[in-house]
Amino acid sequence: MNKRNLTLLLVVVAMLVLSALPIARAQDDVFRVAAVAPSATNDLAFSQSMFDALTLLKSEMGDGFDFVFQEGTFVVDDAAVALREWASSGEYDLIIAHGSQYGSIIEELAPEFPETSFAWGTDVNTFGLNNVFAYTAASDQGGFLNGAMAAYMSESGIIGVVGPIEVGDAKLYVDGFVAGAQAVNPDVQVLVNYIGSFSDVTLATEAANTFVSNGADILTGSAQMVTGAIAVAKDNGLLWFGTQASQADLAEGAGVMFQVYRWDVILKDMIEKIQGGTLGGEAYTITLANGGLQMVMGQAGN
Amino acid sequence: MIENILAPSVFATCLRLSTPYLFAGIGEMFGQRSGMLNLGVEGVMLMGAFFAHYVVLNTGSLLLGVIAALVVGLVMGVAIAFVNVTLKAEQGISGIGVYLFGLGMSELLFKTLVGTPRSVSGFPPLHIPVLSDIEFLGIGQIFFQHNLLVYVAFALVPISAYVLRRTPLGLMIRAVGQTPEAADAMGINVARVRYMTVIFGAMMAGLAGASLSIALLNVFQQNLTSGLGFIAIALVYFGRWRPVGVMSGALLFSFVNALQLQISAIGIDVPSEFAVMAPYVITIIALVFASKQTEKPTALTKPFDRGE
Amino acid sequence: MPSSNLRAFIDRLIDGLLPLLSLVAALAVASVLLIALNADVGQAYSALIEGAFGTQNAFAETLVKSIPVLFVAIGICVAFRANVINIGGEGQMIAGALAGTTATLALAGSPGWLIIIASLVAGFLAGALYGGLAGFLKAQFNVNEILSTIMLNQVAVQMMNFLLNGPLLDPSEQGLNHIPKTARIVAEAQLPRLVIGLPDGTALFDRTRLHYGLVIAILLAAAIYVLLWRTPIGYRIRAVGYNERASRYAGISVRRQMILSMFLAGGCAGLAGVVQVLGLQYRLQTDGSPGGFTANAGFNGIVAALFGGLNPIGAIPASILFGGLLVGAQNMQRDLGVPASLITAINGIVVVFVVSSQILIKWRGRRRLQQSTSRTEVAVENAVVAEQQV
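Protein chains in written order, with this note's numbering: chain A, 255 to 556; chain B, 277 to 584; chain C, 106 to 495.
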C-alpha cells in the first residue's frame, strides 16, 4: 500500500471524526411531508402524479403544510438512505415512499420508528404495522373506460398498447384496457408490447410506429417513456389514450382521454388520521368512485 | 405469417433506427481510428438532443436545431479533446465523466428551461418522387420515405469510407492511430489530428442526438438516449473500425429490434424479456462467427508523448 | 539518506493530495451551476460533506454505498492489469445476485453460516462464469470484450426481469399489482450488522445499516493484492497486461490469462451482487433497469479502481470517497431541494477533473523515475525480459 492511498484513507477517517451534530427536532403546527419517487417530477407519469398532489395540498393548506421531494431515485437503496434520514430526523409527520419497489424498505424501517407515519404505494400491504399506510390505484378502472372508448372510436379495429415491463400498475392498466376494448367490441384487436424498460423512449416510439404500420388507428401506453409514442400518434393523425397524469398538452389534437391519479384525495384523509393520532394500518385504493381516479378529456375527446 | 413478420415496414423501421447509431458510430470510429476512445458519446448525444429540441421548440427552424446540435458537439468535443489529448487523461474514465455530465446537465437544462415533455414538428418524411412509389417488394416504403437525416446518415458511410481509405487526411488519421511515433517522425502533428477526429466525433454524436429529438422521436426528456450511445461504441468494435462494418452492425442490431417489435405487434406470444434481449445476443453471436482478423488501431486509448 | 526519504515522502504526499485537490477544483466549477440555480454554495457543500461524513449514520451509509463499488473495483484491478477492459460489472453483479439469492432461498432451513458461505460461493461463481464468458469469447473468437460486456449487461438485466417476474417471484406476490422480486431471505442467512465496540464502552456504527460485507470486501482486497503481487498467477496476469507480445515469448498463455482475469473480475462483481442481497436488501428486486439494483456500482467500480491506481488496497479509500460523494449528493438534494440531475452533472465534472489531474502525478512520477527504479511496471518489464533470456 503506497503513501498516496494511505493519505486518502487518513482523509476519510478525519472526515468521520469531524463532527456528530445533535439533531434539532422541529415540533410546530406545520404538517411536514417527505416523499421519494423513482423518476423525475416532470415525467408526465407516476412520479409527477405524486408531486402534483403534494403541490396541490401545499396551495390549499398554505403555511400549514410543507413538503420535501427527492426525485429520480430509481436506485432502490438510495431511497432507503433518504427514508431512514427523514425518519431519524423526526421532523416529518408523514414519509411517503412512492414506488412499489420501495416496499421492503418500509417493511424494514417502519418498526424502528413507531412514532413516525409512513405511506407507500402502489400496493395494499401495510405489513400489519399500525404506522404504515398503503395506497394503490385501481388503474384497471380507467383502463377499462379508455379501452371501451377506444374500441368504440376505432375504425380499423386495431389498437396498439405500449407498456414498460409487465408488472405493477402498468399491467393493471393494460389488462383493464384490453378488457374494456373487448367488452365493447369482441372482434377488436388490441396489440400489446411491453418494451422491457421504463426509460427507452426510442424503443417505445418505434413500437408505436410498428403498431401504426400494422393498421392501428388508436394508441395508448403507460409509464414515462411513452412521450415519443404520443408524438407518433399526433404526427400520424391517430388518437391517444393516456394514464397516470394528464398528457393532454403534449398530445394536443390526438389526446382523447386520460386517467389521472389524484393522490391528494387519499393524502387528505391520511393527514386527518395522523392529526387524530392514527399513524397507519390502512390500505387505500384510489378509484373512479372515490374521486382518486379522474378521467380528463383531451382536445380530441371534446 | 412470414410475410407479416417481414413486412416492408420492418425494414423501414430498421433503417430509421439505424440513424442515430450511424451518426454516433461513424463519428466515434474516426476518433478510435486515430487512437482516441470517447466513452462519453452518450453524454454528448443527450446534450445535442436537448439543444436541437430546445432551439426548434423556440424558433421552429430545423436548420437552426441541427446547427445547435453541431455547435454543442463542437464545444464538448474541444473539451473532451483537451482532457484526453492534451491532459492525456485515462480515456475510459474521462468518458464516463462526460457521460454523467451530459446525462445530468441535459436533464437539468430541460427541467429549468422547458419543464415538461413537449413535442416539436421535426423533420418530416420525404417522399422521393417516383422512387417512393415503387411497390415491388415494398422498396418505395423501405428506402424512399424517410426523413432527411436518415439519408444523411447513410450518405455518411461511403463518404467516410472514401475519406479514410483514399485521402491524405484518412492516411494521416490511420497513421496516427497505428503508429503515432512514425506519424510524428513523418511530420504529422499527432495532437492536431486527434483533436480533429475527436471534435468531429463529438459533432456527429450531437447530430445523433438531434436525429432522435427532432426527427425520430420529436420529444426530449431525461435520459432520452437510454444507452444508445454505448451501443454505438460497441458497434464500432463490431464493425472493426470500418464505416461499412459499423453500418452492418447498426443494421443488424436495428433489424433484430424492428423484428422483435413486429413479432409482438402481430400478436406472436414470446416472453417480452427474451424479445428485448435478442438484439444483444444476436450481435454477440454474429461476432463469434465474423472474421477473426482485426484492424484495431494499435494506439487506441494510448496517449502520445513526443518524449523528453 | 533521511533527507531524500523525507523528500520522497513529501512527493508521495503531494501525489496523494492531488486527486483531492482536483476534487476541490471540480466542486468549485460545479458552484457555477449551483449559483445559476440560486442555491447557496456554502450550504450546498456543507450538506454534501455532512451527508457523507457528518454523523456516524452518514458515514455508515457512505461505507454501505462503497461496499459494492469496492467489490467491483477489486475485480477491475485484476482485469485492467491484464489489459482486459471489463465494462460488464453490472451484468456480472446481476448474475452473482441471481445465483446467490437462488442458493439462499433453496437452502433455507440449513445453518446460517452454511447458507451464507454457499450463497457467496454461488454468487462468485455465477459472476465469474458470466465474466469468464466474455473472456472466453475474447480469447477464443477475438470478440472485443468492451462490446461483449456491454451487450451481456443488457442480457443479464432482461434475464433478471424474467426470473424475478416468473420462476423466482415471491410466492406471496402473485397478484396483478406486483413488482418483480424474490421472497425475503431467512434471517439466519442475512449478513450481521457491523458494530465496532470501542474501549470506552460505546459502540461505533450502532443502529446503522453497515454490515459485514465491508469486512469481506477488505479481506478480498487483501487477497487479490497478494494474488497479483506475490504469486506467479498474478505475475503472469500483470505480465500479459504490460506486454502481451513479450509475455507470449516468455511462454505465458495469453488466452488463459485473459479468461482467468475476466473470471476473477466477474467473480468479484458477482460477490458485489450477492453481498448486496445478503447484507442490505435481504431480497433481490428490480425496477426493470440495471441501475435499480446495482446502483451503477458496475461502472462506479471502474472509476474507483482507476482512482485507486489499479491497486486493490488503493481501491478501498477510493471507493469510500466515491461512496461519500454519492451519499452526500443525495443529502444535498434533500436539504436544498436542488434537482437530482444537478448531482449527476456534478459527479461527471468531478470524474473528469480527477482523471485529468493524473497527468500531474505522471509528470512528477517521471521526474522521479530517473532516481528510483522501484516502480512495478519496470520490475515487471525486467522480469519478463529476464524470463525471455532463460
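A hint or two may mislead.
[Stated by the list, open to error] Derived, one-sided and incomplete: chain B residues facing chain A with beta-carbon distance under 10 Å:
no. : residue
1   : 335
2   : 336
3   : 337
4   : 340
5   : 368
6   : 496
7   : 504
8   : 515
9   : 552
None of these hints come from the bench; they were simulated from the model.
Please read all numbers here as calculations on a predicted model, not as lab measurements.
Here a beta-carbon is modelled for each residue, glycine too, at the ideal position from N, C-alpha and C.
Hints and how they fare:
Interface restraint check: residue 335 of chain B against chain A, minimum CB-CB distance 19 Å, threshold 10 Å, status violated. Among the interface hints, the one on residue 336 of chain B is violated; its C-beta lies about 15 Å from the nearest C-beta in chain A, farther than the 10 Å criterion. A least Cβ separation of about 18 Å between residue 337 of chain B and chain A goes past the 10 Å threshold, and the interface hint is therefore violated. Using the Cβ-Cβ criterion of 10 Å, the hint placing residue 340 of chain B at the interface with chain A is not satisfied: the shortest such distance is roughly 20 Å.
The criterion of a C-beta within 10 Å of any C-beta in chain A is not met by residue 368 of chain B, whose closest approach is roughly 20 Å, and the hint is violated. The interface hint given for residue 496 of chain B is met, as the beta carbon of that residue sits about 9 Å from the closest beta carbon of chain A, less than 10 Å. The beta carbon of residue 504 of chain B is positioned within 10 Å of a beta carbon in chain A (closest approach about 6 Å), and the interface hint is therefore held. Against a cut-off of 10 Å between C-beta atoms, the interface hint on residue 515 of chain B is violated, since the closest Cβ of chain A lies about 20 Å away.
A hinted interface residue such as residue 552 of chain B counts as satisfied when its beta carbon comes closer than 10 Å to some beta carbon of chain A; here the least separation is about 3 Å, so the hint holds.
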